[in-house]
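Asks: Quick note: the sequence shown, position 185, residue 187 per the numbering used here, numbers continuous.
In case anyone wonders, no lab produced these hints; they're calculated from the structure. Keep in mind it's a predicted model, so treat the numbers as computed, not measured. Using N, Cα and C, we set each Cβ at its ideal position, and we do this for glycine too. Some hints here could point you the wrong way.
The list that follows gives simulated cross-link-like pairs (lysine-lysine, BS3-like), each with its CA atoms no further than 30 Å apart [to be verified]: (1) K87 - K230; (2) K209 - K142; (3) K268 - K149; (4) K220 - K142; (5) K87 - K149; (6) K149 - K105; (7) K54 - K209.
What follows is a list of derived Cβ distance ranges for each label pair [said to hold, decoys possible]: (8) K220 - E89: 23 to 33 Å; (9) N199 - H133: 24 to 34 Å; (10) K194 - L22: 12 to 22 Å; (11) L234 - N256: 17 to 27 Å; (12) L224 - L272: 27 to 37 Å; (13) L272 - P245: 23 to 33 Å; (14) E89 - R24: 36 to 46 Å; (15) I249 - G151: 16 to 26 Å; (16) K149 - F244: 39 to 49 Å; (17) F244 - K54: 36 to 46 Å.
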Amino acid sequence: MQYDPIKRVLGEAFNKTPLLRRFFYHLLDLLLLRTWHVHKELRAWAQGKQSKAISILDAGSGYGQYTYYLSGMSANWQILAVDVKDEQIADSNQFFRQIGRSKVRFAVADLVTFQQPETFDLALSVDVMEHILEDVEVFKNIYASLKKGGMLLISTPSDQGGSDVHDNEESSFIEEHVRDGYNIHEIADKLKIAGFNQVQARYSYGKPGQISWRLSMKYPILLLGKSKVFFLILPFYYLVTFPFCLILNWLDTNGRHASGTGLIVKAWKL
């Protein structure tokens with residue numbers, strides 16, 4: 003399944019005006035279950051910090067939706083968002099200038115080599131590590147870049163089917179992944195090897211989340227991959243499925259899961 007071309011088309015469509023881009027971010031916030039989990043963790047981390055001078059690294063910023071969310075939480079926070087895709091960095095810098103969020107900066111950088119020692123209070127990595135083979139090197143760089151007491155928050159697929167791979171003959175739904183997903187103990191061990199003193203990991207995308215993901219993301223993407231005609235049908239599809247997805251997302255975010263296709267990982271530099 004070629005996922006990137008469809009993401010590119012959607013990104014270009016919603017990048018025409020700042021208003022459309024804001025609307026796109028809000029759609030992603032509602033539809034993407036990972037966003038529900040990440041926002042919940044960010045709200046918990048941010049308690050009591052809104053008035054402080056905080057420095058944040060968005061490590062693998064993509065469309066910039068998490069930088070947008072964080073920059074809306076406090077005007078006192080400095081945010082550096084990095085990604086390897088030049089066009090997304092240029093678009094994001096232009097958008098954030100247009101909306102007047104001057105403490106946000108986007109830059110092209112490779113996380114395998116990027117390091118700014120003792121700079122950041124928080125580092126965020128959402129759906130990034132499954133794309134990078136040299137993951138321990140990235141973890142070491144982020145550890146070095148965090149201040150003492152800083153935290154790294156990761157959202158990534160687990161090895162319980164996080165890339166929608168169910169047997170050895172099947173390719174990943176998202177083919178650019180370099181691994182099918184992390185074992186919950188494996189990623190904790192790698193973070194400790196990188197230097198992190200304390201690690202907490204939990205499953206996301208339990209039973210409710212897996213149903214929601216198929217309804218809100220997998221099936222629509224499969225249909226769009228077959229024909230662009232489905233762009234016209236999509237609003238009616240979501241009109242029917244969206245209320246169910248919201249309920250399933252809430253259940254997944256507020257429940258505890260013995261297993262799941264996603265992982266939420268927090269690691270501290272103490």
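Asks: Return holds or violated for the Cβ distance of L234 and N256 against the range 17 to 27 Å.
Replies: Because 35 Å falls outside the window, the suggested range is violated.
Asks: Between the alpha carbons of K54 and K209, is the straight-line distance 30 Å or under?
Replies: Measuring from Cα to Cα gives roughly 38 Å; hence the hint is violated.
Asks: Against the 30 Å threshold, does the CA-CA distance of K149 and K105 hold or violate the hint?
Replies: Answer holds: K149 to K105 is near 19 Å, not above 30 Å.
Asks: At the C-beta level, are K194 and L22 separated by a distance inside 12 to 22 Å?
Replies: violated (43 Å)
Asks: Do the Cβ positions of E89 and R24 conform to the proposed distance bound of 36 to 46 Å?
Replies: About 19 Å separates the Cβ atoms of E89 and R24, which means 36 to 46 Å is violated.
Asks: Run the distance test for K268 versus K149: straight-line Cα separation, threshold 30 Å.
Replies: Holds, at about 15 Å.
Asks: Indicate whether the distance between the beta carbons of K149 and F244 respects the range 39 to 49 Å.
Replies: holds (41 Å)
Asks: Are the Cα atoms of K87 and K149 separated by 30 Å or less?
Replies: holds (27 Å)
Asks: Just tell me: holds or violated, for the beta carbon distance of K220 and E89 against 23 to 33 Å?
Replies: Since the Cβ atoms of K220 and E89 sit about 26 Å apart, the hinted range of 23 to 33 Å holds.
Asks: May I ask you to test the hint 16 to 26 Å on the CB atoms belonging to I249 and G151?
Replies: violated (37 Å)
Asks: Hinted pair, alpha-carbon criterion (30 Å max): K209, K142. Please report holds or violated.
Replies: Status violated; Cα separation ~33 Å.
Asks: So does L272 sit 23 to 33 Å from P245, Cβ to Cβ?
Replies: violated (43 Å)
Checked against the numbered hints above, the structure violates hints 2, 4, 7, 10, 11, 12, 13, 14 and 15; every other hint is satisfied.
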